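**Student:** Letter by letter, the chains look like this.
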Amino acid sequence: MADLWPALLAFLLAYLAFARLALAQAVHRQAVAPGASAGRGTRVFSATLLGSSLALLLVAEGGGFGALLWLLLLSAAAFCVAQTLSWRPHWLRWLLRTRTEHADANELR
Amino acid sequence: MNASRQAKTGDHPRARLLLRLCAALGGGYICTVALTATAARFATLLGMPRSEAVYLGSLLALPLYLALLLWSFCEPRLRRLYALLLGGTGAGLLLQALLNVARAGGG
Amino acid sequence: MTRLHSWAGVLLGGVLLAIFWTGSLSLFDREIDRWMQPATRLPAPPAALSLDRLLHGQAASLIATAPAWTLSLPTARTPTLQLDYQDPVQGPVRRHLDPRTGALLPDEGSWAGTRFLFPFHFSLHLRWRDLGYWLVGAAGMGMLMLLASGVVAHRKLIAEFFTFRPRKRLQRSLLDLHNLTGVLVLPFHFLISLSGLAIFCLIYFPGVAQSLYPEDRAQLPAEALGAYARPASGVVAPLGSLDAMLRQAAQRWEQDGHPGAAYQLRVGHPGDRAAFVEIRRSFDREVSMNVDRLIFDGVTGALLQQHRTPPVVGVQRFLTGLHFVQFEHWTLRWLYFAGGLGGCLLIGSGLLFWAGARRARHARQGRSGARLVEALTVAACVGLVIATLAFFVANRLLPVDIAAPPRRATLEVQAFFGAWLLSLAHAAWRPARAWGEQLQLAAGLALLAVLLNGLTTGDHLLRSLSSGQTAIAGMDLMLLALAGLCLLAARRLQRAAQPTHKERALG
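Residue numbers (our numbering), protein chains in the order written: chain A, 1060 to 1168; chain B, 2 to 108; chain C, 2 to 508.
Hint data in this document are derived by calculation from the structure and do not stem from the laboratory. Don't take each hint at face value.
Stated by the list, open to error - Not everything, but these chain B residues come out facing chain C in the computed CB check (under 10 Å): (1) Leu19; (2) Leu20; (3) Cys23.
Claimed, not checked - Calculated from the model, a selection of chain C residues having no Cβ within reach of chain B, i.e. all distances over 12 Å: (4) Leu145; (5) Arg218; (6) Ala233; (7) Ala238; (8) Glu255; (9) Val314; (10) Thr471.
Only a predicted model underlies this, so the values are computations on that prediction, with no experimental measurement involved. Note that CB positions come from ideal geometry on N, CA and C, so glycine has one too.
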């Protein structure tokens, strides 16, 4: 079971990255929280998370297995984000909330 | 001018489709083999062992054939399609013939 | 491009679905073997084996006259020692031995996963002039074209990357599912198709090999793969110690910096003075299916030849390994399974969407629509599943010892193809109800298979879960999941059909 942790963590990182990317699109944002506004820095956020998940897998599993696992986990994560948006969009509401809080905090300053 | 061109090319859509299929499936395949076999021969000239060159050529043939297939179905002008495929095949065969002559002459 | 996509999809969809389905199943072919061949349900093999001791037992009489035989060492997934040899009457024979006692396990005469489902995947069991290989190759190249044309045709829809609307009209949901499984799983589909073609690249482009080996084509396997052969001498001599050769092989590979154990031995001319033993290195720790092998003299045990995988061949073997998934990595294996099923969903949803659009177009034009096309779509999708389940059920129902031809393996295969044909006939006979009824039949067959496993072998789900027989438990659980999915799909399709009934009632 211990050898599942890298894959699970990499999956979570990819899931968050794709969820954020999806929420950058208006149609999905409205499904999750109607009236919410787009945040900034989506691309950097997602790219960082995806890059981290790749690095994690390359270190934990080696070159061949790591790269292969990463590619497949990306697809799995993106697919899960799509299913979440279809069946339980409110599960992603907290992602939008943290972003709007940051935006508010920036405006107050 | 356009009308007459359309009359000429739009006359036999089935024949055109058949020609395109032949070019894509048959012509593309022959062109691929000719070019990759030549590439493999060149690789051996650069020092690669024969068995390795065969694998190199056979592997490269896959994306090359795919590219030719896709292009065959996208290229609107049949003449250009045939010209390029036949030209590629001819070039490949010619280069191989030259290499054969060089090998026969040298060895 | 859209037209290319539609035409190629319609022409190749059925074949591709069969390839993706049997391919996904082949990921667990050894587990399917355990399920279909209960005699091989042994516990994990011992760490240390003595081949010399095991082969002097019951196996000795079998291989006494064979000119060559292959021994595959047991692994966690295949806990038996497998002996392959050519019998002059029966053809290729595979027998399993208990790795602890060397006892010959009863020959259950089933081809199961590794000898039916897996070869179906790459050759469709069409042997005549390698037609099957070429069809699968054409389908594979067609898949790459479908992927490329699909992306181009839908490039404006890339924005709808994550869109899946399951509660909408069936056609909308189908197209969403098609786009979803197409775009999101694209890297997998592309790699699988390309690597699959790479495995047989020499067969598909023989002209390249012919050009570089104009007279001595037989040299190619020797140079690239280390294939070794030498003629028999006619002088009798006993075979040396296989265990000593295995130890030497492990040492040799350790010295080379590629530590590894052997997975297979091939013995040529056993019992002859010119006997030789080829020992192949295992690839369960790496992606690439290396062709590292050592050739030993069969009598003296001296090292005759060492072959290391050359670089370019190594690239082809990496792609091969990427496709075969013979390495020991369960996370990857399950992810591949998900990807393969995603491919089935991709192709199936595409076919269904096309059939639905065609039906709507024909309804508008007042045409009745060709029944055969509809029936073929049903047979290609649900019929394939029913055929597989019929194969499993037949395996549990047929008695083990059928001496006279047709033998058990043939009967099982006949059950597979017979059920497939029946599905086509049923779909042609009852087009309106075909989908729902066949999905329900599939669910029923899956449940029957689980029940029969419990009844005929005693390893029902509770027992297999508690005793750690993960292969059997996994198979039963997957069958139950399949039954559930078929029922869900039947319900969804029933719901989709209802608005039209309402429309008819109103208008």
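**Student:** Hint by hint, say whether it matches the structure.
**Tutor:** Going through the hints against the structure:
Given the 10 Å rule on beta carbons, the hint for leucine 19 (chain B) is violated: about 14 Å separates it from the nearest Cβ of chain C. Because the beta carbon of leucine 20 (chain B) sits about 16 Å from the nearest beta carbon in chain C, more than 10 Å, this interface hint is broken. Interface restraint check for cysteine 23 (chain B): the shortest CB-CB distance to chain C comes to about 15 Å, outside 10 Å, so the restraint is violated. For leucine 145 (chain C), the condition that its CB be more than 12 Å from all CB atoms of chain B is violated, with the nearest at approximately 5 Å.
Here arginine 218 (chain C) does not stay apart from chain B, with its beta-carbon only about 10 Å from theirs, under the 12 Å limit. Separation of alanine 233 (chain C) from chain B is adequate, the least Cβ-Cβ distance of about 27 Å exceeding the 12 Å criterion. Remark: the non-interface label on alanine 238 (chain C) is consistent with the geometry, its nearest Cβ contact in chain B lying 33 Å away (cut-off 12 Å). Taking the minimum C-beta to C-beta distance to chain B, about 27 Å, the non-interface status of glutamate 255 (chain C) holds against the 12 Å cut.
The claim that valine 314 (chain C) lies off the interface is violated: its Cβ sits roughly 5 Å from the closest Cβ of chain B, which falls inside the 12 Å cut-off. For threonine 471 (chain C), the non-interface assignment is confirmed: its Cβ lies about 37 Å from the closest Cβ of chain B, beyond the 12 Å cut-off.
Going down the numbered hints, you'll see the structure goes against 1, 2, 3, 4, 5, 9, while the others check out.
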